[in-house]
Structures are given as C-alpha cells and as structure tokens.
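Modelling step: build the complete structure from the supplied sequences, incorporating the hints.
Protein chains: 2
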Amino acid sequence: MADRNAANLMGRGESLLFLTDDQLRRGIEAMFFAYRGFTADPDRILQDFGYGRAHHRAIHFINRSPGTTVNNLLSILGVTKQSLNRVLRTLVEDGLVDSRVGTRDKRERHLFLTQKGADLERALSEAQRNRMRDAFRNAGPDAVAGFRAVLEQMMDPDMRRHYQEGGDGSR
Amino acid sequence: MADRNAANLMGRGESLLFLTDDQLRRGIEAMFFAYRGFTADPDRILQDFGYGRAHHRAIHFINRSPGTTVNNLLSILGVTKQSLNRVLRTLVEDGLVDSRVGTRDKRERHLFLTQKGADLERALSEAQRNRMRDAFRNAGPDAVAGFRAVLEQMMDPDMRRHYQEGGDGSR
DNA sequence: TTGGAAAGTCAACAAGGCTGACTTAAACTG
DNA sequence: CAGTTTAAGTCAGCCTTGTTGACTTTCCAA
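Residue numbers (numbering that gives the first Met the number 0), protein chains in the order written: chain A, 0 to 170; chain B, 0 to 170.
What the hints contain is simulated information worked out from the structure, not anything from laboratory work.
For every residue, glycine included, the Cβ atom is placed at its ideal position computed from N, Cα and C.
Please note: incorrect hints may appear among the correct ones.
Taking CB as the label site, the calculated pair distances span [stated by the list, open to error]:
(1) Val91(A) to Phe48(B): 34 to 40 Å
(2) Pro156(A) to Arg160(B): 33 to 39 Å
(3) Ala144(B) to Lys105(A): 49 to 55 Å
(4) Ala117(B) to Val78(A): 57 to 63 Å
(5) Ala122(A) to Phe48(B): 37 to 43 Å
(6) Thr68(B) to Thr79(A): 25 to 31 Å
The structure is reproduced here in structure tokens:
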C-alpha cells in the first residue's frame, strides 16, 4: 500500500523519497495542527487586551521594521487597507502605535511602537519564541534547517521576498 | 551581533545551534508566510463554491475518517459545536456530506462524504498536495524529516495525539 | 423511573475579512 | 500651472467563522 502513488523514487540518485499521497496528507495535517499550536500562546495573551491575531500581526511587523509605511504593511499582510486600518486605528487610539506624517513624503504615515506597544510585542513574541525554541531543541539541529527550507518553498513568491528581506543577511 | 541571546550552544556535544532571538523570529515569520501559501490554493477553489476554510477542514477530516461523529470532529477542529454545526449543515444541505443517525447510540451522527463531497475533497487536497510535493522536492529529502519533526514538536499535546492517530502506523 | 450527561440545534452577537464609493492631501508630469 | 496619480483614511454594508446561552432529544445509571 505504501507504493501506490509513490512519487520521486530515485530522483537523482539521492536517498529514496516516498512522496505518497498519504505522506503528503500527513504533511498537510502537520501544518494544520502545528499552526494552531504556533498561535495558541499569543492568542491567550491577546484576549486579555481585547485584541486578536490581526493586531498581533501589525505589531509584529511594525516592530520588525520601525517606521514602515501603511502601504508596505499592507503588502506584507495581504489584507485590504480598510481591514488594516480598523486594527491600526485601535492600536493608535490605545497608545500602542505612533503614526507620524512622513517628512520626505507627507502623504505617507510612518509607524512606530510606543513603549506600551513594545511591551506587548515583547510579551507576545517571547511566548511564541519560547514555543519555537522548545520545538527546535526537541527536534534537533538538523531538523531546524529542514523546517525552514520546506516552509520557504511553500510560500508564494511575493511572500518569499518579504521573508528574505526580513533576514539579517548573514546567510 | 549573532552572539547576543544565543541559546543552546553545545547542547550535548551536538553541532552548534544558534537560537538567537533573531533566528527564532525568522522561524516565526516562516510559519506565518508559509501558512498563507499553504492555504492559498484551496482558498481559491473554495471561493467558487461559496465555501470557506471551515468547510475545507470539515471535509478533510470526514474524508480521513469516514463515519466519524460530530463530537470527534469537534475535538480535532477545536471549535464550538455551534460553529461546526453551521458548516456541517450547509454541507449536508448541499449534498456533500451524509449525516447518518447512529445505530448503537441514536444521539450520535456519523458523517460520510457523498460522491459530490469526495469530488470536492479531491480537488482541494490535490491542489494542496501539489504545493507540498513541490516544496518537498525543492527542499530535498533531508529537509522533509526536519520539517515534520519541528512541526510535531510545535503542536499542543492533544493535537499531537490526533496527528499521530491519523498516521498509517508505518513508522 | 427519573435525573443527569451527551449530542445536536437555534438564536444572537463579535471579530475581522471583503467590496465599493468617496475625501483629502501631496506628489508627479506633460 | 493644470491635471493625474498616489497614499492614506473613512463610511457603509456584506460574509465567514468564531463565540455564549438556551433548548430538545436521547441515552444511561442510580
């Protein structure tokens, strides 16, 4: 039964790779279940603030690229500006995000985390990093590279660009 | 700069693992961007039917375990029964899912895909498998094992149980 | 046999996606 | 300089998918 639908047997003399439909299904379910675990800790923290995942994503990428514009955030998050605006508005109103008119181009708004925003960011990312660190530790060093390689291949090209640009260049 | 916050240097004499906050942040973003790619193809197909991801998830797990009960599905999907019920109702109304009253326990409903439901399942999973197969191929055989190992570690224990039970035992 | 637990359903609400139409201000361009 | 494009924001309304609360039907065990 393991041989039906087997793909890529002896690709280029590499080790055998059984990519049966069943193996692929397992990969699909792994993504599904793992993503739930991945978001579980931040979700719990956000609930106490009355925020959701959308707020987390905005906070994360503003922290990653301080001074980023709304438009840039839009292309990273892949949502409509109406959707992002609703989230951003509450974050600014609540004093987590500072929106400053651009100096070079006054149409643009540059986004920064306030101290309060940075505090929440830290709590959220710390929880998420802890889980990822434990997963990496338990899976072992070799697994980490494979994890990242497969995920990178799974991205749409536009998102892969954003992902790579977010790196520190030390590759 | 790569050395601040470095964790797990020389864990047990294994190869060096630099788990800096920045490396972990990269892993977090990899999950975020990859999950979007992972769901993109099915999302497009579902749109033509007026369905969403919730329908996809139900269809997937009914296909995996034909005759499963609503309660079992509930514990896998981790949503409220009211939320699942709405999705299930439309699938039954549209003739994609067959809901049969249990013979032993008449409170239970056993769920099956109809031919029509199986057809949609196939279209969805085929698109998703194609993407995963390509990702696996491009990342290479070693990466696949690492990918799965890390994801499994990232799951909450309850979900890991569901994940492992869904395997074919050939490990 | 009756009371509680389990399975499922109905109603109403909220978050966060979406589209479409529109305004304002700034920047660019012929 | 006039006209167009671009960035940002707003308002209205819709949909999916999550939630809670109240309810019925069915089963089982004390």
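Lys105(A) and Ala144(B) - C-beta distance against the hinted 49 to 55 Å
53 Å, holds
Beta-carbon spacing of Pro156(A) to Arg160(B) - inside the hinted bounds 33 to 39 Å or not:
36 Å, holds
Indicate whether the distance between the beta carbons of Val91(A) and Phe48(B) respects the range 34 to 40 Å.
Given range 34 to 40 Å: holds, Cβ gap about 38 Å.
May I ask you to test the hint 25 to 31 Å on the CB atoms belonging to Thr68(B) and Thr79(A)?
Because 39 Å falls outside the window, the suggested range is violated.
Cβ-Cβ distance between Ala117(B) and Val78(A): within 57 to 63 Å?
Given range 57 to 63 Å: violated, Cβ gap about 33 Å.
Phe48(B) and Ala122(A) - C-beta distance against the hinted 37 to 43 Å:
The hinted range 37 to 43 Å holds for Ala122(A) and Phe48(B), with Cβ atoms some 40 Å apart.
Violation of the numbered hints given earlier is confined to hints 4, 6; the remaining hints are satisfied by the structure.
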